[in-house]
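Chemist: Construct all of the structure, not just a fragment, from the sequences and the given hints.
Numbering-wise (the numbering used here), the sequence shown opens with residue 1 and increments by one.
Keep in mind the hints are simulated off the structure, nothing from the lab.
Ideal Cβ positions, reconstructed from N, Cα and C, are used throughout, including at glycine.
Be a bit skeptical, because a hint or two may be false.
Distance ranges between label pairs, derived from CB positions [what the hints assert, rightly or not]:
id, residue 1, residue 2, range
1, 590, 407, 53 to 61 angstroms
2, 441, 411, 15 to 23 angstroms
3, 298, 348, 51 to 59 angstroms
4, 267, 517, 45 to 53 angstroms
Here are the computed lysine-lysine pairs in the DSS-like style, where the Cα-Cα straight-line distance is at most 25 angstroms [unchecked claim]:
id, residue 1, residue 2
5, 415, 342
6, 400, 415
7, 278, 237
8, 400, 445
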Amino acid sequence: MRRTRTVALTAAAAAAVLVVTGCGSSSKGGSSSASAGSNDSSAGENAATKNIVNVSDKKGGTVTFEMKGTPDSLDPGNTYYAYIYNFSRLYARPLTTFNPAAGEAGNKLVPDLAESLGQPSPDGLTWTYKLRAGLKYEDGTPITSKDVKYAVERSNFAPDVNSNGPTYFKELLVDNDTPYAGPYKDKEGGLKSIETPDDTTVVFHLKHAFADFDYLVSAPQTAPVPQAKDTGSDYVKHVISSGSYKFQTYEDGKQAVLVPNENWSAGSDPIRKQLADKLVLKMNIDQATIDKDLMAGNAQVDLVGGGVDPQTQAQILRDPKLKAKTDNAYGGRLTYVAINSKVAPFDNADCRKAVQYAIDKVSVQTAFGGPIRGQIANTVLPPDIPGHQDFNAFETKDNKGDEAKAKDALKACGKEGGFSTVLSARTERTAEVQAATSIQAALKKFNINVEIQQYPQGKYLTDNAGAPQFTQDHNIGLMMMQWGADWPTGYGFLQQIVDGRAIKASGNSNLQQLNDPDVNKLLDDAAVNPDRAAREKIYAQIDKKVMDSATIVPLTYFKVFLYRPDSATNLASTPAFSGEYDYLNIGTTK
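Modeler: Structure below.
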């Protein structure tokens with residue numbers, strides 16, 4: 001889920017106004033996280049995909065999160081990984097968020113910083129939100145509408161400082177009379193398209209109606225930031241908390257420690273519990289060590305949420321008692337190879353088709369961990385995202401490749417003798433590297449010589465695969481990628497990875513650099529269409545057009561395989577965050 005981009009939308013659209021009005025103590029549409037659940041952490045295989053497991057309000061103890069590698073950033077306005085979107089809600093409250101619940105209930109959008117979901121005007125151009133009463137930062141100062149405005153400005157209009165997050169707001173907001181240089185360069189002006197007539201009202205002027213706006217404001221980019229405390233790229237060293245926890249210490253690349261925010265009020269927050277005395281995030285931990293710590297109860301959460309490593313998986317599958325403590329969920333994810341249409345010879349569609357036919361997807365699936373880690377994919381949209389339709393544009397026998405079709409495509413693109421290219425993958429993701437090795441072997445049979453280059457996941461999208469100039473300079477024609485929906489709709493899944501106007505110099509997620517005017521227009525059509533069924537038909541059309549371009553090789557509809565520690569309470573596998581556990585209310589029995 002969640003990576004980065006830009007969205008250019010129809011210039012002819014009418015101005016829209018989104019109003020966020022403050023005060024009021026009611027919690028319209030709020031939801032308690034302690035819905036149906038089980039009090040037994042070993043409640044059975046996939047128990048947390050259906051209910052909250054080991055429900056508890058027990059306070060105290062330390063909840064330990066461990067991760068392989070480092071995050072792109074813990075700054076809520078400068079991140080684009082699902083696991084940080086999930087984790088950041090502990091210290092940064094967006095206008096809306098997802099219900100902390102298991103299964104489909106976790107896809108329900110609920111108010112967070114706002115008191116209710118948006119109230120759209122009849123024409124869909126104006127949305128009204130009310131901020132909850134009693135909102136304060138960790139230092140006791142009140143949260144104001146100006147802080148919400150500033151948070152959007154810094155996250156969407158300062159790419160030289162904050163390049164990781166998506167730029168939906170930048171492309172949806174009405175343009176200033178003169179280009180806005182961002183809050184670090186323009187300290188006096190600000191966006192005219194975001195107004196704050198008083199401390200409890202913020203007004204967004206949009207280019208056109210946007211059907212998914214309530215989902216959009218669930219991004220941590222709407223979590224308030226006080227401008228006086230913003231230190232730009234150094235803000236990550238002390239993020240000012242608006243959530244139930246605040247940072248006690250932060251060591252880049254090593255560890256972060258969070259403690260309860262004494263100025264957080266349960267009265268203004270119906271979805272958080274603030275159970276643990278301390279949250280510890282340990283970085284750069286080997287996956288096998290993370291697995292052992294989870295199984296021993298020395299850690300409660302694998303932050304990245306990708307699942308256990310192959311050796312641990314094999315151990316668990318041999319032991320019914322261990323398997324009973326696992327959760328295996330889809331969560332709207334796709335693993336794929338992005339074929340760089342700007343790097344020769346992949347600027348030729350037939351060379352791209354050769355790769356489509358040459359890859360042995362069964363071998364790739366095995367490298368990822370077998371069927372338990374994902375169904376073989378033939379479309380861009382996963383089956384659990386609205387708009388998915390089954391089809392196969394590059395059908396091969398038993399999904400193991402088609403030698404004749406691959407050779408015909410190579411001949412058509414003038415590369416019968418083969419060629420050389422580079423395939424990128426993330427160092428910390430062992431299964432991804434193994435899958436890349438499988439692809440390398442399959443392509444070698446056709447004299448397509450692939451060099452695998454590995455890069456750290458924290459910089460993969462900012463500096464390497466997601467930096468178009470870097471990929472051209474280093475002949476990176478193929479890129480391993482995994483994607484989850486920014487929110488659970490076709491637009492929330494597709495836009496940032498297939499819209500040509502979303503391509504940017506750093507933090508890019510449209511790795512294949514597809515810029516098809518027909519695809520772009522269909523995305524615009526879906527954005528303004530008020531009819532859900534009609535939107536879903538458009539998403540299916542987009543999927544087929546992208547597959548016709550041959551720029552994406554779907555590999556698997558990825559599934560996580562998570563171990564559920566006995567020492568963790570309130571565990572719920574949520575599709576809203578790619579099948580990860582919801583991090584909002586995890587406690588510990590220790």
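Chemist: Which earlier hints can't be squared with this structure?
Modeler: Per hint list: zero violations.
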